[in-house]
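**Q** Each chain is listed here by its residues.
2 protein chains.
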Amino acid sequence: MKEKKIVPRKLAGFWELDPEKEYVFEYVLDKIKDVFYKHAFLPLDTPVMELSDVLLAKSGGDLDKEIYRFEKGSTDACLRYDFTVPLARYVAMKEGELTFPFKRFQIGKVYRGERPQKGRYREFYQCDADIIGFEKLSLVADAECISLYDDIFSNLGLKCNVEISSRKILFGLIQDLKKEDKFNSIASALDKFEKIGDIVTNELLKEIDLSEKERSVLLEYIKICGNFSTIKSKLEKLSKNEMFLQGICELEQIDKHLRNMNVENYFYNMAIIRGHNYYTSCVFEVFLEGMRNLGAMGGGGRYDNLAEYFTEKKLPGVGMSIGISRLFDVLVQNNLIAVDVDKKSKASIIPLGDNLDHCLNLCSKLRADSVACEVLFEDKSFKSKLKDANRSNVPFVIIVGDDEVSTKKYTVKNMQTGEQNQLTYEEILNVLR
Amino acid sequence: MKEKKIVPRKLAGFWELDPEKEYVFEYVLDKIKDVFYKHAFLPLDTPVMELSDVLLAKSGGDLDKEIYRFEKGSTDACLRYDFTVPLARYVAMKEGELTFPFKRFQIGKVYRGERPQKGRYREFYQCDADIIGFEKLSLVADAECISLYDDIFSNLGLKCNVEISSRKILFGLIQDLKKEDKFNSIASALDKFEKIGDIVTNELLKEIDLSEKERSVLLEYIKICGNFSTIKSKLEKLSKNEMFLQGICELEQIDKHLRNMNVENYFYNMAIIRGHNYYTSCVFEVFLEGMRNLGAMGGGGRYDNLAEYFTEKKLPGVGMSIGISRLFDVLVQNNLIAVDVDKKSKASIIPLGDNLDHCLNLCSKLRADSVACEVLFEDKSFKSKLKDANRSNVPFVIIVGDDEVSTKKYTVKNMQTGEQNQLTYEEILNVLR
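As you go down the protein sequences, you meet chains A and B in turn. No gaps in the numbering here: position 258 of the first sequence is 258 in my numbering, and each next residue is one more. No gaps in the numbering here: position 152 of the second sequence is 152 in my numbering, and each next residue is one more.
Chain A extracted, bound-state conformation (with noise of 0.2 Å):
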C-alpha cells in the first residue's frame, strides 16, 4: 500500500527563483556589491533574528502585526523587517571598537508578515549602505550615499534619477505656520501628493483642521521641482524660518558635493517625503528613468540618533536603500538585464559509443584551464542530449565518438548558429574562453 504524500508547497509569498533566474539574481547582487566595494563600504551580515525587545525598542515593544515572531524556551525573538534595527544593535554594541564614520553595507533577506500580493513579498531581498558619525557627520556622506545610486544602477546597464528633499526644510515651513505638533500628520498627508493630488490632498489637510492659507502653502510648496537653483528662489518665497533656511543652506552644501563628485542624475522634488519618522533632514528616493510611473526602487535619508534606544551616544547617520527584489521583478518583466553569462557552462560534451572516460577527462582539462562545462553522462540517446543541452542554453556542444578520440579533433557544435566544425582541444579553448 502506497502511504500517503504530503502536497510539496512553498510559503506564499516567500522569494524563491528558478536556478536561471537566481544566477541572474546573484549576478545583479554581485554588480551592486561591487559598487559598495568601489565607494569603500564594508559588509554587515547580521542574523535574521533578534531578540524581540531589542527589535521592538523602537516601538516601546509593541508587536507590529506585520512582525514574525516566536518563542522557545526562554528566547523571545524575532524575524528582522529591515536592517536599520540590526545595525542601530551593532554600532551600539561595538560602538568602542569601531572607526567612525562607519560604512557598511547589508544585503540580504527580511520578512514582513503581511497579506501576500502582487509585487509584495512577506520574505524579500533587500539592500541597505549607511555611514554613521560620532557625535557629528558631514554632509558629504549625504552626498556618497546619494552618489551610490549613480554608480549601482550604471554599473547594472541602467540610468537612474535621483530626487532629493528636506524633511528640515519642511519642519521649518511647518513650524511657520506654528503647526509643529501637526508635523507628522501633515508630513503623512502631503506624502501621498503624488499619489492622489491637489483635490485630495487638500481635503486631507482640511481633515488637518489647516485654513486656506495654510493649505495654499504647503500645495504650493510640496509643487517645487527642478534644479538647486530653481528650487532655492522658489522657496526663499515661502518662508524666512531659520529651520526652512537652515534647511536650503544643507542642500546647496549637497549639491555642491554632489557635482564636485560628478554625479549627474538628480534633481530636487519637494513632494519627496519619505514614510520614516525617524529621518530629520535631506531625503531622496531613486526611480528608473522613464519608468517613474513604476514607484521609487529605493530611497534614504539623514537621521540625528541611529541608536537612541540602546545608547547615551549620540550616532548621526545617513543611509540609501534599494528594494532589491522588487527592483529585480521589474527589471526582467521589462526585458531590462543585459547579463553576462560568464560563469555559466560554455560547453556540454556528449559521448558517443564507449567514449566516456574520455569525454571526463577533457571535461577535467578544461575545468583546469578555467572553462565552465559538464559532460552529458547519463544514459539516454544522443538526441535527447542534444535537446537537454538546447534547453539549458549551453552556447556549445561538444560530441566524443571514436573518430574524435583517435584524430584528437572534437566536433564543436554552435547551439545558436548551427555550425559544427572539428576543433583540436587549442582551438575549443580559443573558441570557448
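Treat the hints loosely; a few may be bogus.
Any copy will do: because identical chains look the same in the list, a pair fits if it lies in one copy or spans two.
[Unchecked claim] Here are the computed lysine-lysine pairs in the DSS-like style, where the Cα-Cα straight-line distance is at most 30 Å:
| hint | residue 1 | residue 2 |
| --- | --- | --- |
| 1 | Lys-94 | Lys-383 |
| 2 | Lys-385 | Lys-94 |
| 3 | Lys-383 | Lys-136 |
| 4 | Lys-159 | Lys-58 |
| 5 | Lys-31 | Lys-232 |
| 6 | Lys-21 | Lys-383 |
| 7 | Lys-313 | Lys-385 |
| 8 | Lys-159 | Lys-365 |
| 9 | Lys-4 | Lys-136 |
| 10 | Lys-33 | Lys-343 |
| 11 | Lys-179 | Lys-72 |
| 12 | Lys-380 | Lys-21 |
| 13 | Lys-109 | Lys-10 |
| 14 | Lys-314 | Lys-10 |
| 15 | Lys-178 | Lys-380 |
| 16 | Lys-118 | Lys-10 |
Since the hints were derived computationally from the structure, they do not count as laboratory data.
Please build the complex by placing chain B on the supplied structure of chain A, with the hints as guidance.
**A** Same frame as chain A, now just chain B:
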C-alpha cells in the same frame, strides 16, 4: 530625565562577523561559488522558512526540539535546519519543468535550536551541491560531487583529502551476519569508532547482542583503509554477499571516474559511515590535509530517493556539503586564508586646509577608473585621520594640500613602508591598480 535604554545584544549562537572578517568570509563564498559554476551547477535560494508539515514530512510530523517552529495566523512554519528537505520540496514541485540530472548548489543560513557552545552555532552557514536524477543516476554523479572538494579547497589555496566508503558494502556485510534488523544501531556504533576506538566500539556492539565472531568481522571491516586495490582485496576476504560485492563494484566504477577526472586527493576508509540514514550507497567526508584531528569539514553521499515523502517519482541523488561557518572558524584560527584584497579600498584621501572639493573630485575620478577609495571627509585633525587610515589597513593615503592642488602632484604615502612620493594622477593610477 533620561529614558531607560535597552541593552543592545545579539542572540547567543547566531552568526555575525565584523565587517573586516565578513569581507574575508564573502571572499571564501565567492571562491566556492566559482567552482560550482565551473562544474555547471546553478544556484538555488529557497526561503528560510518552510511549512511545518513539509519540513517535518520525513519525521512523520514530529517536531524535533532542535527546530525553530512558530505560528502566525493560520501559518505553521519552521526555520530550515538543512537544504535537503527544501531541495526535495523544490524538485517535487517543479519536477515536470526541470531537466535531469538536475544540478544545483545552495549556500545560506540554517537553524538549529541547540544550546550554543564553542564551535556550535544556532544560526550558521551551510553549503550544499546535489545532482538529482530521474529514476536513475549514473555513478559519474558520485565522482563529480567528490571532485568538487578538490577544486574548492585548491581554489582556497588549501589541500584536502576525501575519504570514501559505502553503506551498501556495510549493509551487505550485516546481511551476511543476518542482522539487517539491527543495521541502524550497528551503523551508529561503528560511526563512533574513530572517536572511541576498538574497546568501546566492541562494548557498544556487545550491547546490540552481537557474537564475538560477528564483532570481530565488523571491527576488522571498520579498519579497512587505503587505495582502491588495497581495500578491494581486503574486503573480498570478508564476504561474498551480493549487495556487499555490488557496493565494491560501485566504488570501483567511481574510482575509475575519479581517475579520469584527474582527482587525486582521496582514499577509501570504511570507518566513514555518515550519520544520516537516508544515504544508501557511496558516502564520503572531507578533511583538511594534515589536520584530520579537527574533524570533517563536510561530507555527503548517495541516496536512493530524494523526495519520497512528496512524490511517487523515484528521484535518486548524490550530494556533497561543506559546513562553511565551521570551516571558516578553522581557517581563521589557524591563519590559513590568504585573501586577496582586490575589492577593498586602495586609498584614503585626506584633504588639508580648504581642499575637500578637490578631494571629492579626485576620489570620483579614481572610482571611475575602477579604483576603490574614499575621502576622509570628517572635520578631524590630520593626525587622527592618519590613525583612522592605519586602523582600516588601507594600503595608501593620498594627501591633498594647497601645494598638491596647484602642482597637480599629490603626496602618496605607502602605509606599509612609510615611503612618501609626489605623484601625478596617472602615476597614482599605476601605483593603486
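**Q** Kindly indicate which numbered hints from before are broken by the structure, ordering the numbers from low to high.
**A** 4, 5, 11 and 15
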